[in-house]
Every structure is written in structure tokens, then in C-alpha cells.
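In order, the protein sequence lines correspond to chains A and B.
Heads up, the first sequence is in my numbering, so the first residue is 1029 and it goes up one at a time.
Heads up, the second sequence is in my numbering, so the first residue is 1029 and it goes up one at a time.
Don't read these hints as lab results, they were simulated from the structure.
Please note that the accuracy of each hint is not assured.
Intra- or inter-copy, both count: the list cannot distinguish identical chains.
[Claimed, not checked] No farther apart than 30 Å at their CA atoms in a straight line, the calculated lysine-lysine pairs in the DSSO-like style are these:
#1 Lys1122 / Lys1193
#2 Lys1062 / Lys1051
#3 Lys1228 / Lys1193
#4 Lys1228 / Lys1382
#5 Lys1122 / Lys1062
#6 Lys1051 / Lys1382
#7 Lys1382 / Lys1344
#8 Lys1062 / Lys1228
Protein chains: 2
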Amino acid sequence: MVNERDPRLLRVEDMVRRLLRHKADANLSNALEKMHAAEVAQIFQHFLPEERQEAFSLVRNREHRASILTESDSHIVRELLEPVPNEDVVPLIKELDSDDARYILETLPDERSQEIVALLDAPETEAIQDMMAYLPETAGAIMTDSYVALPEELTVNEAISQVRKASEVDYIFYVYVIDSNGCLRGVISLRQLLLADPSKTLSEIMITNVWSESVHADQEHVARVVSRYNILAIPVVDDDNVLVGIITVDDVLDVIREEATEDILKMAGTHSYQDEVTSLSARRLAWIRLPWLFFSWLGGILAAQLIYQYSDQLSKIVALAAFMPVIIGMAGNVGTQSATIVVRGLATGRIDPKSWLRVISKEVTVGTLLGICYGLLLGLLATYQFASVAWLGFVVGLAICVVMMFSALLASVLPLVLHRFRVDPAVATGPFVTTGVDVLGLLIYFNIARLFLFI
Amino acid sequence: MVNERDPRLLRVEDMVRRLLRHKADANLSNALEKMHAAEVAQIFQHFLPEERQEAFSLVRNREHRASILTESDSHIVRELLEPVPNEDVVPLIKELDSDDARYILETLPDERSQEIVALLDAPETEAIQDMMAYLPETAGAIMTDSYVALPEELTVNEAISQVRKASEVDYIFYVYVIDSNGCLRGVISLRQLLLADPSKTLSEIMITNVWSESVHADQEHVARVVSRYNILAIPVVDDDNVLVGIITVDDVLDVIREEATEDILKMAGTHSYQDEVTSLSARRLAWIRLPWLFFSWLGGILAAQLIYQYSDQLSKIVALAAFMPVIIGMAGNVGTQSATIVVRGLATGRIDPKSWLRVISKEVTVGTLLGICYGLLLGLLATYQFASVAWLGFVVGLAICVVMMFSALLASVLPLVLHRFRVDPAVATGPFVTTGVDVLGLLIYFNIARLFLFI
């Protein structure tokens, strides 16, 4: 997708920059106050650290300051809060729902975040400590405490007046019904509540067949459930079925977008969090990318040994050496294509590991067809250019065809095997395919050459 | 992510298969009726065509049948409806919101879908024809007509009773306020309506600052707005600001997931719709992948010409040929990493094209660091193994380092340039990097060799 940045936002960005340059603090403060927090965060992304810190200090409204932080990437949050004393961070944290508070505290250095938690009031400290106890990327870590739960014996009339009072809850679309132990019993949409007979109790009108998730559930699993079943919010319960939070669809949106990016980056063996590109040093980034490249290096070394075994033959027919890159290059690319299709298919659930035979045979067929096509092309070209070496065109053409077939086979089998052994195919497929294809490709090539060129 | 299929769903799948095998039609019909439509669609994915058709024919409830279709991939919809006569498809279409109806009709062959539209009643035909007129992947194509819009002069009390009557609308969270021309004036959440003074008019209490999108807006743009600003539903207006539909967050979820998959597949130069892997023939799939591989082939051919220029030198020092694969392999992989980071960064908006210098210099620094590291490793190995050829280790080590640096440069500059000229970097970067790196890598390698080995 060609992502054109929103032209309106670009104009706003220029305006903010201009006001900053002219030190028009009062105007800038007003302008920032009127913008959506997500927009401010967007604009801050393209500012220099000093610029952002200065602009942020001009945002007066506490709620707006807090919202800007929750919309910003973690390294920017850390930076924006650096000059802010702990006593001023505390009221910001208090403004936020528990999931957002957790996010902010996690971006800060451990020591500082503990100091801030210590400054909170007892119930808040407890709520946040509960929240921080959940493992990252679980339902517990992304849920919010901003929901309405009412006892089952309440009447519809009483429930409506309770909903009216719950002013601090952001969105109310569902009312959750709990028993005296806090266990989740049912759910009612706000609209059903509105339609119901005012004298009935909640237990009479609620839907009892509620989909809930455990606090320990993986966030990706929750994202899949929410998107598969078109749910707007899913209640989260602890081990005793006590309702402890809800996950709303907008939190799930972030999870889906992040996981997709992670998957793309993982397949290329780079750092998997987009954030890190801007926040980490080049040395650290190189270090993260080192291991993946090692397999490619290893493949190259093995290939070098193999080639050296054929020194005599190669020095006799140098044309053979000339076609090595195209053969392993084509094999590598057709392999990457097959691997990408299978890895992504497994991740999205479109490919069923049980129908592995169908998946592999399709990839191999495609690889072979492509091999025949490029084999013919390359064969003709080699025959024309090296007419002096009999059979060379045939050898090169046949080799590329066979190599592409085997490469498709290897690249489609590998992710399925890795998946079977619960190794993440997105991480491991690339390196193995890279190494395997180089060595396999040359082995096949040289053996075909030996057979037909009698060397 | 290791995507473990839901064990509960696997058990349900086995159960359905067993009932099918035993022709236990009544039981199967009951079981399918009780399942969520999305679950049925999930299970159908792993069935053979005959199995799905048979199971689908046992679903009696019309609404459930319609929902199962909307949850299924397009090629499965086409297949499931094949044996169903047009007269029986019509009531299914009538069950659906306009966006879902559009989806089903689009999966069918043109002629058949026109026959079905002709069988609908006049107002429905019109609504669907309006819908079909919007270009694919625009807001108009994914919006739904399932919302509540009320005139601004209504009182809160009247509005509440209108909401109670709108029973066919799936989710009501917001009430949209329109003027006598149907133009969007404001919005009120259901909860605000509940809290408001019953005698006030809607125009007095509505929020007038409503975010709306044009019917012509790109679906990805809408998805970004919804996810950036955490909106649950966004109203869609035509060129005269008349409210014509809404897009809900769950439709956006599908867009985000699909676009991510498309991007991943596009980068590998394969068919970009996951659907197609299962629905298209191997020949068609090979055809789609052919052009991307052509660039790789071209790069290989150019490399072959280049190598042949150095025939004499290579036949003298065969060890030089041995290290060609590792040098272009490492260059290709480091290039792929850089390209992936930049392409994905541009797509998600994390990389700002305006800060191109910072992006490129970071990638080049990382590439150089990795180059130094692997250059040393390879240099030492080559020196040890080919002690007879003086300078060989040095040449090979230096070459890999320089080549990796240039590869990172090329792979980070290219997507930025493509983006500047509005060519989708996800599609075009791969082929150019592949071709460029092979040729560039060998050129650098041979020239360094010439310089130090005096050949």
C-alpha cells in the first residue's frame, strides 16, 4: 500500500512547528488542546526530542496530557516524561484506565515506575500492582477496568439508574451481570436494557451464554476470537470465574496490527518490533540481525567447499561457474515465495496442517512449472551464447528446473515440520531455506553437469 | 506466532465429520444449528467440497444459512451456492445487511448475480445496485445500512421510543442525527441519550463535531482512522454530505488483517490474496509468480555475463569462484532485511519519508557493522583454507563487507524512491533489490580482487 500521509495532518504539523519556532507558547498551547490526542501523538513522532518535550510541556489539560502519552510509542513516552517530576506523573496515571496506566509505567525504567506506584493511593496501587502481575501479551495485560458490572438481583429500572451514575466509564455498550461472589453470570446490551420491562430483574433478561476469556489467555488468541465472532468487547475472568476486566475491540485492533508487522519482520530475521527501528542504536540492531544472517553465511561456506571440490572441472569449463548465481538465485526466490505462502497461511489459519499433502504438492507443481519455464529460457540463452560447449544449454536448463522443484519442496515442507514441532515457522523457516537451497542447488547442478558433460 | 488450532473446534470438527459419515442428518442439522456461524465457516474450510455442500444443505434456519455464507471465503460461498436454485438464494440475500449482500453477490458469476438481483423487490434491488456501484475497497463498498438516523427536531423521549422500534438493526451504540435533507448533523451515543433531559431536542444535545468519511474513501484509510482514533463506528456520507451508511469496527478488523497478509505476500511477489492459494489452479498460480522471478532471472543472467568476462582470472584462481555464492547470498539477505524494515515502516507510517537521511544512514550503519563482522569471519576462514593464495582472505573479507554496505544502501534507498514516485514499495522493492544486489555484488567483488590479486 502506498501510504500517503494525511495532508491535513501535514498542514497541522507545519503549523505546530512554526508556532514552536516563534515561541508562540499561548497559541501553541491552544492549538494542541483542540487537537485529538492521537493526532498530537502522530505529529510528535516526526519531531525532534527537544521539540516534542517543549510542545508537551505546553499541554495544560491533565486528561489530554495523559491521553497523548497512551497514544505515543513507548520510547517517546519515556522521553516525554523524562523532565516531568514524579509528583506530576502521578495525577496523569490516575487519569488513566488500568491498561493504559500499565502501558505508561512499563515504558519507564523499573526503579522510577516503582517510585511512582508508591506515590499512588492504596486502592490504586493495588489495582495497578494486580495489573502489572499479568504476563505481557496475555488478556490480563491488555484488559481494562473500565466497565459496568451489576448484581443479578437488580431490577432493570435500578440498573438503568446505575448506568446513569457510572460517568467515569468511557464506553458502555454492555452491562455485565455478576453474582454475590463477583462471578460472571450474564450480559445485557444497553439497548436490551432499554427495551426490557423495568420491573424485571437482570437475571431474568440477561443472556447467560457469555463468551469470556481467562486472564492468562494469549492476546493473539483473544484478537482472533474477537475478530472471528465480531464481538465488540469480551469479558475477562480469573481462575475462579470472577469478572476482572474487559477487552474492547479497539485494543484488539492494535494487537492485530502489531502482530502482522511482527510476523513480517520476523520472517526477514530482523528485530520484530517496529518501535525498535527508531529507538535502538545501530550496534544493537546489527546484533539482533546477526544470528539470522549466520545461517546464510553457513550456507555460503558450505557452498564454497562444494564448489572447491569441483575446481578442476570449473577451471576447464568456466561457463559452468558463470551460471551458479542464477541457479541458486532462482532457487532461493522460488523458495522464499513458497515459504511465505505456507508460513502466512499457517498463521492466518487458511492452511490446515492436516492437508499438508495438498499444500506441498501444489507448491511443488507451481515450482516445477516455473522451473520448466525458466529452464527453457536459460537453456536457450546458454546454448546460443556457449555454442562451443556441447550440452551446456541442456545441463543449465535442466538444472534450474530440477533445483526450483526441490526448492519449492524444501520451502513448503519446512514450515509444516516446524509448526508440527511447535517452533514458530515465521522465525525459523527463512534461515533454513536460505542455507538449504544454496547447498542443495549446487549439488544438483554439479551432478547434472557431471552426468552430461562427462567431467 | 505458532497458531495452534482451537482444540474445542477440532473436536467439533471431528464430531461433524462423524455425523456426516454416518448420514445422521437430523443430529447433524441440530448440531450445526447450535454452532456460531463463524465456527461453521471455520470448520467448512477444512472439509472437501462435497462434504461442505452436504452439511450446508442440512442447515435449515435461513438467517443461520445467510450468516454462514458471510463468514466464508469467496470460493467456498460460490461452491456452497452452486447447487442452490436462484429462488432459494433470494431469501438469503434479503436476510443480510447491504454490505454482506454485496459480498455474496460479488462471489457469484456476473450473470447469476444479475439474475438474482432481478428477482428481488424493487427497493432492495435499488439498495443493492447502489451498493454495487461503489468501487471495490472503498468506504462505500464496506459500509452497512444497518444504523439508526433520526431527525434533529425529535425530542429525547421520541428518540428513545424510535430506538426501541428499530429492531432489525444489529448493534445500536450511536444514534446519528440528520436534517430534512438527510445530511449528517451530529451524533449521540445511546448512553448520552439515556442521560439526557427527555424534553430536549436531539439538536440541543448532539455532538456536532462528527468525524465522517466519504463513500469514495479508500478502505485502508478508513481502517487507519478507526484504529488511530479508537472509534467504534464511523458514518459515511456521499458528496452532498447525506448520510448513506456506517462502517463498524469489526469490518475494519477484517480490512486490517487482509491488508497485512496482502502486504506480506506482495513482498514475496506471489498472488496477494490468501484465498487464491486454495481456489486457483497451479498453472494460474505459477503465471502470477512468473514476472517477479523474471527480475531474479535477469539479475542472474547479468551476473553470468559479468562472471564470463573474468573467465581467465577465475580459471587461474578457482577459489575466487568458490566464494561468489556466499558474497551475493549475504548481500541479498542483508538487503532483504533492510528492504523489509523500510517497506513495512512506510506502510505502517512509522517511517517518515521526510526523515529519509536518518533511515538510510541507520540501515547503512547496520549493514556495515554486519559486513565487518562477517567479513572478518570469512576472511579468516579463507586465509586458513587457501593459505597458498596470498591476499585471498583479505580480498574476500573486504569484499563481503563493502558489498553488504552497498546492499543495505540500495535496499533502503529503493523503497523510499518508489514511495516518492507513488509506486507501491511492497511490490517493486523485492525484484529490484534481487537484480541489483547480484550484479552490484559481483562487480565490487571482482574489482577488489583485481586490485589486490593483480589479476
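Hint-by-hint comparison with the structure:
For the homomeric pair Lys1122 and Lys1193, the shortest alpha-carbon distance inside one copy (20 Å) is at most 30 Å, but the shortest distance between copies (41 Å) is not. Taking the shortest alpha-carbon separations for Lys1062 and Lys1051, only the intra-copy value of 18 Å comes in at or below 30 Å, while the best inter-copy value is 65 Å. In the homo-oligomer, the alpha carbons of Lys1228 and Lys1193 lie at most 30 Å apart both inside one protomer (20 Å) and across protomers (20 Å), since each shortest distance falls under that limit. Within a single copy, Lys1228 and Lys1382 get their C-alpha atoms no closer than 50 Å, and across copies no closer than 61 Å, so neither meets the 30 Å cut-off.
Only within a single protomer do Lys1122 and Lys1062 lie at most 30 Å apart by alpha-carbon distance; the minimum there is 22 Å, versus 44 Å between protomers. Taking the closest pair of Cα atoms, Lys1051 and Lys1382 come within 30 Å of each other only across two copies (23 Å); inside a single copy the shortest separation is 64 Å, beyond that limit. Taking CA atoms no more than 30 Å apart as the test, Lys1382 paired with Lys1344 passes in neither setting, with 49 Å inside one copy and 53 Å between copies. Taking identical chains as interchangeable, the C-alpha atoms of Lys1062 and Lys1228 lie at most 30 Å apart only when they sit on different chains, with a minimum of 27 Å there against 44 Å within one chain.
Consistency note: the structure conflicts with the earlier hints numbered 4, 7.
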